[in-house]
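J.: Each chain is listed here by its residues.
Number of protein chains: 2
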Amino acid sequence: MKKYALLVCYDGTNYGGWQIQKNAVTVQQKLNEAVEKALGVKVTVTASGRTDSGVHAAAQVCHFLAETSVPPERLAAAINFNLPDDISVLKSSEAPENFDATANAKRKTYCYRIYISGRRNPLKDRYAEQIKFSVDLHKLKQAARLFEGKHDFKAYCAAGSQVKTTVRRIYSIKVWTREYRGSTDVEIYITGNGFLYNMVRTLAGTMIYFAADRLKKEDIIRSLEECDRNSVGKTMPAKGLTLEAVDYDFDLF
Amino acid sequence: MKKYALLVCYDGTNYGGWQIQKNAVTVQQKLNEAVEKALGVKVTVTASGRTDSGVHAAAQVCHFLAETSVPPERLAAAINFNLPDDISVLKSSEAPENFDATANAKRKTYCYRIYISGRRNPLKDRYAEQIKFSVDLHKLKQAARLFEGKHDFKAYCAAGSQVKTTVRRIYSIKVWTREYRGSTDVEIYITGNGFLYNMVRTLAGTMIYFAADRLKKEDIIRSLEECDRNSVGKTMPAKGLTLEAVDYDFDLF
Chain A
1 MKKYALLVCY DGTNYGGWQI QKNAVTVQQK LNEAVEKALG VKVTVTASGR
51 TDSGVHAAAQ VCHFLAETSV PPERLAAAIN FNLPDDISVL KSSEAPENFD
101 ATANAKRKTY CYRIYISGRR NPLKDRYAEQ IKFSVDLHKL KQAARLFEGK
151 HDFKAYCAAG SQVKTTVRRI YSIKVWTREY RGSTDVEIYI TGNGFLYNMV
201 RTLAGTMIYF AADRLKKEDI IRSLEECDRN SVGKTMPAKG LTLEAVDYDF
251 DLF
Chain B
1 MKKYALLVCY DGTNYGGWQI QKNAVTVQQK LNEAVEKALG VKVTVTASGR
51 TDSGVHAAAQ VCHFLAETSV PPERLAAAIN FNLPDDISVL KSSEAPENFD
101 ATANAKRKTY CYRIYISGRR NPLKDRYAEQ IKFSVDLHKL KQAARLFEGK
151 HDFKAYCAAG SQVKTTVRRI YSIKVWTREY RGSTDVEIYI TGNGFLYNMV
201 RTLAGTMIYF AADRLKKEDI IRSLEECDRN SVGKTMPAKG LTLEAVDYDF
251 DLF
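Respectively, the protein sequence lines represent chains A and B.
So that you can map any letter, position 113 of the first sequence is 113 in our numbering, and since no number is skipped, the others follow by simple counting.
So that you can map any letter, position 17 of the second sequence is 17 in our numbering, and since no number is skipped, the others follow by simple counting.
The hints are simulated quantities; they were obtained by calculation from the structure and are not laboratory data.
Incorrect hints may have been included.
Copies of one chain are not kept apart here, so a pair can be met inside one copy or by any two copies together.
[What the hints assert, rightly or not] Derived DSS-like pairs (lysine-lysine); straight-line CA-CA distance at most 30 Å:
{"#": "1", "residue 1": "K141", "residue 2": "K174"}
{"#": "2", "residue 1": "K91", "residue 2": "K239"}
{"#": "3", "residue 1": "K132", "residue 2": "K91"}
{"#": "4", "residue 1": "K42", "residue 2": "K164"}
Please put together the full structure from these sequences, using the hints given.
T.: Quick look at the structure:
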């Protein structure tokens, strides 16, 4: 048996998230099936982490164990042949024997996308959340600075999560804005050593509320120092969220 | 009767283009129906120009004549209530009595989008065309300079078109590129006083072929000076094309 790594892109719109479950079609299920059809053996594809229902991935990293004569770099095409149009393997390679896509992940980068518009925009609405109120882009960038570093993100974690620690390190938050003829698109790239359940979506919501003068700087500081859940913004909807990159201590592809 | 103007955004994926026809659902048909439901009167919505099957519009401009007590700025919401999710009226206003969205259009801006990748990318594939071969981004920007100005674009026009003249003026071609972790997205914004049938898609294809060393600078010059059809690139697929803006000599919205 050899260990293989896949770089996978998916549009999460029509899936109940990554992980296999009974009552919804999931990305993991589709990938398991596609690898099985391509190689004729039963496999379980493991990802760097679950993504929630409706969340997208530009570059999810996965591994699986299999015995096959297909050259590693050709696996991508063979698997894609059996995948629906909204999932695509971008790269495939043979991974170190002890590689674990989940346990070895060192950094992840997520992007939360919004567009500021009084009206729904069909060309933006699939991968970004519409914001109808006014947002100060300069304040959005200010908010980013408050979260960088090591903090206890307990206030940003969905209630009931079972984790050892709610402390995480955020390496960087970069805010990209683009204005074209009165319409503004915003991308918030967040890189960290790991994220709690719903953390990115709540972080994005808090930054947006701060930039819309619905939260003060002191609220954000209190949310981090006292883990006060009442000081954070709304948890933003899934469709605006995309897993952009997963980094390891070595090059996989 | 009063004249009204609409700024309309649509995802063209599921439509047979703008203009009403027998064998396909079109954007014009959906808009006519939505305005009729909103106002209870029969109307014909006229656009700045047709868009082909599968082509998108971020900001198509339309007009129609109607008798209504609905305030002009509220028309957008009333019409949107009757439109499918992939068409949205962004703005509505009362237009000058003699306004004609087609005849009065002074400039149009189209964008052709590509992404350079060996594998299909589900997150990009709806509004951009995948290019599998390598493209020199510097040469793409060089190509843009060759087309700006007044030229006879006969070689860039689909055969059989009935037009008085094939001379058009291109005000600017701007090439935006964005690289993120080895993946490159390209946007080609083309602004002109008017475009022939298939002209933008053939222009984009010619620029891309030049940047991929499949056409030479002399080929492009010959295509413009001698209208030589054999010197132009492929007409690119519809899905990568979006009508981004239509300009008039006055502010409509």
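J.: Take the hints in turn and mark each one as holding or not.
T.: Okay, the hints, checked on the actual structure:
Taking the closest pair of Cα atoms, K141 and K174 come within 30 Å of each other both inside a single copy (8 Å) and across two copies (28 Å). Taking CA atoms no more than 30 Å apart as the test, K91 paired with K239 passes in both settings, with 24 Å inside one copy and 25 Å between copies. For a Cα distance limit of 30 Å, the shortest separation of K132 from K91 across copies, 14 Å, qualifies, whereas the shortest one inside one copy, 38 Å, does not. For a Cα distance limit of 30 Å, the shortest separation of K42 from K164 qualifies neither inside one copy, at 33 Å, nor across copies, at 65 Å.
Violation of the numbered hints given earlier is confined to hint 4; every other hint is satisfied by the structure.
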